[in-house]
Each structure stands twice: as C-alpha cells, then as structure tokens.
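Residue-level listing of the chains:
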Amino acid sequence: MKAAKTIERREFLKVSIAASGGLLIGFHLPGMATLASAQHSTTAFMPNAFVRIGADEKITVIVNHSEMGQGVYTSLPMLLADELDADWSRVGFESAPVDPKYNHPAFGIQMTGGSSSVWSGLQQFRQAGAAARAMLVAAAAQQWNVDPSTCRTQSGTVINAGNRKLTYGQLASAAAKLTPPEHVQLKDPKDFKLIGKPLKRLDTPEKLNGQAVFGIDVKLPGMLTAVVARPPIFGAKMKSFDDTRARSTPGVRKIVAVPSGVAVIADTFWQAKVARDVLRIDWDEGGMADFDTSRMMQDFRERAKTPGTSVRKDGDFDAALSSAAKKVEAVYEVPYLSHLMMEPLNCVVDLRPDSCELWTGTQFQTIDRANAAKIAGLPAEKVQIHTTFLGGGFGRRANPASDFVIEAMHIAKAAGAPIKVMWTREDDMNGGWYRPAFLHAIEGGVDASGNASCWRSRLVGQSIMAGTPFAAMIKGKAYDPSSVEGVDDLPYAIPNITVESHQAEIGVPVQWWRSVGHSHTAFAVECFVDELAALAQKDPYQFRRQLLKEKPRHLGVLDLAAQKAGWDKPLPKGMGRGIAVHFAFESYLAHVAEVSVEDSKVRVHRMVCAVDCGEYVNPNIIKAQLESGAIFGASAALYQELTFEKGRLQQTNFHTFPVMRINECPEIDSYIVESKEKAGGIGEPGVPCAAPAIANAIFAATGKRIRRLPIRMSEAV
Amino acid sequence: MIVFSVNGKRVDLDIDPSTPLLWVIREQLGLTGTKYGCGMAQCGACTVHINGEAVRSCVAPVSRAAGKSVTTIEGLSPDLSNPLQRAWLEEDVPQCGYCQSGQLMSAAVLLRGKPQPTDEDIDEAMTGNICRCGTYPRIRRAIHRAAELASSGGAR
Ligand code: FES
Ligand code: FES
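Residue numbers (numbering that gives the first Met the number 0), protein chains in the order written: chain A, 0 to 716; chain B, 0 to 155.
In short, the hints are calculated from the structure, not lab data.
These numbers were taken from a predicted model, which means no experiment stands behind them.
Among the hints, erroneous ones may be present.
From chain B, some residues computed to sit far from chain A (all C-beta separations above 10 Å) [unchecked claim]:
no., residue
1, Lys67
2, Val108
3, Asp122
4, Thr134
5, Arg137
6, Leu148
7, Ala149
Chain A is faced by these chain B residues, among others (derived, beta-carbon under 7 Å) [to be verified]:
no., residue
8, Ile14
9, Ala40
10, Gln41
11, Pro77
12, Tyr97
13, Cys98
14, Ser100
15, Leu109
16, Met125
In the DSSO-like style, the derived pairs of lysine-lysine whose C-alpha atoms are separated by at most 30 Å in a straight line are [stated by the list, open to error]:
no., chain 1, residue 1, chain 2, residue 2
17, B, Lys8, A, Lys272
18, A, Lys272, B, Lys67
19, A, Lys100, A, Lys238
20, A, Lys199, A, Lys164
21, A, Lys218, B, Lys67
22, B, Lys113, A, Lys199
23, A, Lys238, A, Lys253
24, A, Lys304, A, Lys325
25, A, Lys164, A, Lys100
26, A, Lys218, B, Lys113
All C-beta atoms, glycine included, are put in the ideal place defined by N, C-alpha and C.
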C-alpha cells in the first residue's frame, strides 16, 4: 500500500515534469554550462569564453554578469550577436562559471555592480562576436577556396560573391579547428542591426511559466535544508541553547552552533523553520544592546555642528556666507534601509572532500569563491559557483564579507549532505548590511541679485568601505568617497563650496544599496537647491538652468524632463510639481514629479524621467530601469525606514517596511537623450532623483519642506 | 492522508495538515514556480488558485486544498499561450521575474471575473502583489493588453 503510494507520487512528479517542459526536479541552470558544453564539444564551436555556436545553429552567449532584473542576459548578448551577425532568434544565454577570464574588465574581479555591466562589457562582447564571425568567414572561405574578403555575413550565414551560403551551424566544426584572430575589425555603429534597438528580453519566457531557476529553487539529490537562528542584536554572541523540543519536531536532522548562530538542519524548509521557532537560545547581548536610532541621529546632529574631514573646498565659504544677502540652513536625515530583494537570501552548497559546488544568486563570484574555499580548506579552483537568476540584488548579494555564502559553508561542513540555507523575510531584513543612515547639514546663501554664492555640506554617517577588502578604494583619502559621492562633485556654478565628512563608527553592518551614496546625497542636494531657488525667489527649474550653464549634459536631461512634464502648465489646486537632476554612474538623470497632498497624505501622480546614458544598447531595457529606479526611489522616499530600539530592529516584513504597490504607483514617462558620449550605467542612476523630485513637488503643492525621509507631512517645515 | 489535484494531476500526500500549501507545492511536489516572499500574505509571490480563487499559499494550510483543485503557474499554460502570458511577452514585463508567477496568477483571477478591467479594477485585484523591481506600469499595460487579446478571439 505504502509502496504503491510512493510510486503514484513518483508518477505524478514525472507527469508534471513532462507537462512543464522538464525542469521540476532536476534543473538546467545556466551555470551548468560547463557540463552541457562538454557534451556538445564535438559539434560546438567555442572561439572564446563568451560564445558557443552549435551545429544546431544555436548561439549561446556566456554572460559574466549576474541577471538580477537589469537585463544583462539580453543587453550583453546583443553586443556580441550584432558583431557576429547572428540570427537573433537563435541567440540564448548562459551564466558564466567563476573563472578569471570572466573578471570585470575594469574592477578585476568577477562581479556585478556599480551599474557597469554594459559599459564594461561593450568592447569585450563586441570583440568576442567579431572574432567568432571572422573565424566562421575564414572557415567558409576555406571550404569554397575563396578569399575571405569576398565573403559577407548576414543573420547567421556566410555568403560569398557567387551567392553561395553556409550557415554558422554548418561551419561550426570547421571553424573550431581555426586559430582565433589577433585583431578584429569592429562594425561602424551605422551598421548596427541590434545595438540601439528596443529588443525584447531573452529571459522573459521562462519567467512566465515558473521555469526560471532562482537560488531558492535549486534542489540537489539528498539535499537537506537549513535555517539559522541569528542574534537578535548585532554583535550578540550565543552563550548556550536548548534544543530539546526542537530536536523532537519532525524532519529535523541536526541542530548545530555555527559562527553566525544556531543552524537547524531538516529535510525541508518548513520543518527546519518549525523547529527553529521552538529553539531556546541564551544570548550575550554585547555592546549594541542599548543601541537606539533616534539617539544615534541626535549624536549625528551634534557632530554636524563641528567641522569634518575636508572633501572639497572651493573659495571661502565663511566669508561668502557672512556677505550673503540671504541665507538658509537645512538638516536632511535619511534612515537605514533594507535592500529587500523579492527573493530572500539563500545558498546551496554541495561540499565534497576534494571539491565544492555552490548554487546561489550572487553579485560577487570571485569574492564568494575565495571565501568559500577558505572555509572548505580547498584551493579556489576546486570551488565552483553556479550563478542562478537573482530575485533582485540591489547590492545586497555583493557582500564584501560573503556573509550568506560563508554561513552556508559552515553549515555544509556540519550537515554531511548537500545543503540549502534559506533566509525567511524576517531573517533577511534583520540580517544587516543596510544602506547606512545619514545626516546631511547644508548651509548656503544667495547674493543681492539672487545668485547662489556659497554652499557648505556636512555629512555624518557610516562608511561602507572601511573595514572591508574595498577599503583600498578609499585610496589614502581621509574619508569614504562612497559617503559623499553626488555632493563632492556638486555641479552647480557656486563660487564658494565646502564639503566635509564625519565618519560614524556604529556596529550596524552597512553596504551598497542601489545607487549607494547617491541614494542620500541627491535628496539633500536637490532639496537644498530648491531652497536656494525659493530664497532667490526664482523658479526652481530656471534657477538650476542658470547654475548649470556650463554643464550641457545636465541641462539636456533637465530641459527634456521639464519640457515633457509641461513644467509651465498650471496644475489643479493642491497639486505641485518638483524637479531634480543628478549625475551618477556616468549617467545624467532628471525627474519631474507631480504630487498632491490631501489630509497629510501624499500621492505621486506622475513622474517624468529623462536620462542621458551616452551611447545605449537597448532602449526598452533602459526605460524599464528608469521605471524601476523611480519606483524604488519613491518607495524609500514615501514609506521605508529601519529603526532600532534597545539594539533590536523594529521592522520585520513588508507590513512594517512597505514597498510601493500598484495602486500607489504613479504614471511614469521615460525619455532617453540621443547621445554619442561614452556609455554610462542604468541600473542605479534612476533611483536618486525620485525622493528630491517628490519632496520639491510637495513644497510646490503645500509650501512645506521635507527634510527627513521617509516623508511624513507631520514633520514638514 | 490529504488528496487534492494540482494542475489536473491527483496528489495523495501523507503530511502534517498544518503545513502551508506553498511549501507542499515547492518542496513535496517540486513545483518551484510558486515563490516565497513574506510568509504572511503581504506580497502575493505565492499566489495560486484553489478551485479558481486566488489564494496566498504561504498562509493556507495544505488541508485547505483537500478535495479541491489547485492551479499553480506551471498549470497556467506551459506553452505560454494564455493571453496574459502573451501580453506579458508583448509588454516585456518581468525584470528579476521573481514576483511574476504571483502577478500572473492574480491577474488570471481578475480577468476571469472582469474580462475588460478598468484601472481601478486592476488596482484592487493586484494591490496584494508586490514587485520590488517596479514592473507595475508594464503589468497594468499587459493586463489591458491581455483583455484585448482574449476578447479578440484568443482562447482562454
Ligand atoms: S509569500 Fe505568500 S503572500 Fe508573500
Ligand atoms: S520582477 Fe522583480 S520583483 Fe517583480
């Protein structure tokens, strides 16, 4: 009877596998590429690390950046396929294994971040495509016994002067025997067939029928699942635990102490979680037990009254301020924020005596591999990471300490079986590595003719880089550049500018959060520019134009956004329009927001976004990123804040740390400036302008200033 | 023993009846298209249909499915022929994609009840589905598009 049931269930599973296209129990991960390509090696042509062409005409582009929604599994293949003259309908993607040949050309490690995938891959992927094309042409020319220069390529075929044709698939095995060329000629941009076109994403179909594999979906034979009880307070240490009850709940295999807490290992996630809920742990709460964010902000306010480390000093701020006709002072405050990726953290490890494989959605392959190898006691080459789809990244999965990977390694050592470590939403939110809270005090003035004459910014907040392997990026500066980016390069023509930084040392782990320092500097800077405009009794858009006369690309996006938003058109009573402009990650962004305020409730009706990201690859993806960035920024501006009381985080899940929902989402119009400039980033630049544009629109609607995020009308001044 | 059907196939499980349906679907049945986002009916990532109704499977005990018929994203239409999937393709909706199974399953229930939904209908039906990537503008367009596709003869 029992056996019959099991078989029935197996049958059921088999049927489901067939019905859903073969991906339920096993999985074909992009990261399994190495295996798959080994199987095809007799027929496939792999001229370099980035492309494989099969006898079946399939072109597989191997992508060295992680797909976390920003579209790299489409935009990077487009670069390669264009130079290859591939038939786009045959182009697919795979995630690259970890290997130095997939290192970021500018940053020297395999990673995804800094809104850099497209600009850094531009040459790499185009060259890889051009080299493959040259070899296919050479193979065809050899076969026809003609000069390669008499052949041309089109949509996956080589064509000779006599109009004979060979497809790339037909040429694959012959091309595989040739030596890759040393130099290749890249296309003249006017000949691009794919680059610059609004092509659809390649990864959409599998995201519509449940087939896309995220880290959380990976299942290995014999795999167990673990959840971890982590300290309730940062820095707290486990003294002892009582697992009497937990051990007797069904499915539990092991309960072990690991450096990050107590791991409960069970057959399934749910069993592990049920057991964890009845664990009793005695914590040594440590030095953060009375940490309180409201007190921290008070300390920040005090520190901002004293001079900080000098970041920038143009002219003489003090003298200019004392001779200013009018002056204004404002203190801006932003809270800690969670990245809140839709897919909470997870990591699968299969640790064997002589090798180790991991499956996870990471942005930091090189660093995670090195850290995993250290724990495994293996050389890095014996550790492989299969990068799955990421259910959002926003910086969190680029952890300088590889926190979620190292923890999984420790548990794998104890488990004695393949292990999946899963974080609940609460675990993820409580797990640290937040966008740091910042205080930004600004003082400035205008002269008698209403021109901005002086500006002083003082920032107080934690450094992201200090104490991490990235400390080297501080490069002998006495401050962390990522704390002040976006104000250190204040673009406005103001003769006297001082920027100072205070570094706060607090035991809350902090990290890059989509747009990093720009996520807070743009808010303070663009709100204060608005305050100066009001002081000078000028229109905020025209006031900015005046001060940006020498900055054509800032002006370009500012004008485009203002024009598309109809800046001069009157709005109904109770509504207001706000504008903001910012440069980040080599791209220029401007937003105009339209809001209404009714009974202290802010509603954003429309956001107009304009970007100049230089030469661009896929306008469809760029517009999606602008929409995404605006909503991400607006969510933080309107709703989000992490607070601590007695060392304990007060937010746990979406109900206490809300995200914008569809009924709150404004209409968003996005525009791209046509540009021949060097390509810039797009994953992050869309975020920073949202908050100041909304805050400035609130001023236009109500005459009240917002100086603290998230926006609360009760705090407006 | 709990008996129900998933995507038209009979399931027969010996399991603690209080286990959330989400984890039964993902871990016991291996259907991983249904996602976990919050575990407390806040985000909609885990939305499935029980007898045609949209249900947050993270808070529904598996016992609630007993004797009923459950549809997951894998059962919506594996070949992407459902008008919603076609519209999602046309509008190129997903970014990271993690929330999209839940979005589609909620939208499917909306369209069944309101074949020509207004923006307000969409707000009401879809407000329980969070998308951290901010695909809302495209979701809205795609739902309207799917309504058109369905009414212009696309089988549903
Ligand atoms: S996981 Fe069920 S609603 Fe979020
Ligand atoms: S597409 Fe990423 S959460 Fe919706």
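These are the hints, each one checked on the structure:
{"no.": "1", "hint": "Lys67", "result": "16 Å, holds"}
{"no.": "2", "hint": "Val108", "result": "15 Å, holds"}
{"no.": "3", "hint": "Asp122", "result": "4 Å, violated"}
{"no.": "4", "hint": "Thr134", "result": "7 Å, violated"}
{"no.": "5", "hint": "Arg137", "result": "7 Å, violated"}
{"no.": "6", "hint": "Leu148", "result": "14 Å, holds"}
{"no.": "7", "hint": "Ala149", "result": "16 Å, holds"}
{"no.": "8", "hint": "Ile14", "result": "10 Å, violated"}
{"no.": "9", "hint": "Ala40", "result": "9 Å, violated"}
{"no.": "10", "hint": "Gln41", "result": "4 Å, holds"}
{"no.": "11", "hint": "Pro77", "result": "5 Å, holds"}
{"no.": "12", "hint": "Tyr97", "result": "3 Å, holds"}
{"no.": "13", "hint": "Cys98", "result": "5 Å, holds"}
{"no.": "14", "hint": "Ser100", "result": "6 Å, holds"}
{"no.": "15", "hint": "Leu109", "result": "11 Å, violated"}
{"no.": "16", "hint": "Met125", "result": "5 Å, holds"}
{"no.": "17", "hint": "Lys8(B) - Lys272(A)", "result": "29 Å, holds"}
{"no.": "18", "hint": "Lys272(A) - Lys67(B)", "result": "27 Å, holds"}
{"no.": "19", "hint": "Lys100(A) - Lys238(A)", "result": "45 Å, violated"}
{"no.": "20", "hint": "Lys199(A) - Lys164(A)", "result": "29 Å, holds"}
{"no.": "21", "hint": "Lys218(A) - Lys67(B)", "result": "27 Å, holds"}
{"no.": "22", "hint": "Lys113(B) - Lys199(A)", "result": "28 Å, holds"}
{"no.": "23", "hint": "Lys238(A) - Lys253(A)", "result": "19 Å, holds"}
{"no.": "24", "hint": "Lys304(A) - Lys325(A)", "result": "20 Å, holds"}
{"no.": "25", "hint": "Lys164(A) - Lys100(A)", "result": "34 Å, violated"}
{"no.": "26", "hint": "Lys218(A) - Lys113(B)", "result": "38 Å, violated"}
Hints 3, 4, 5, 8, 9, 15, 19, 25 and 26 from the earlier list are contradicted by this structure; the remaining hints agree with it.
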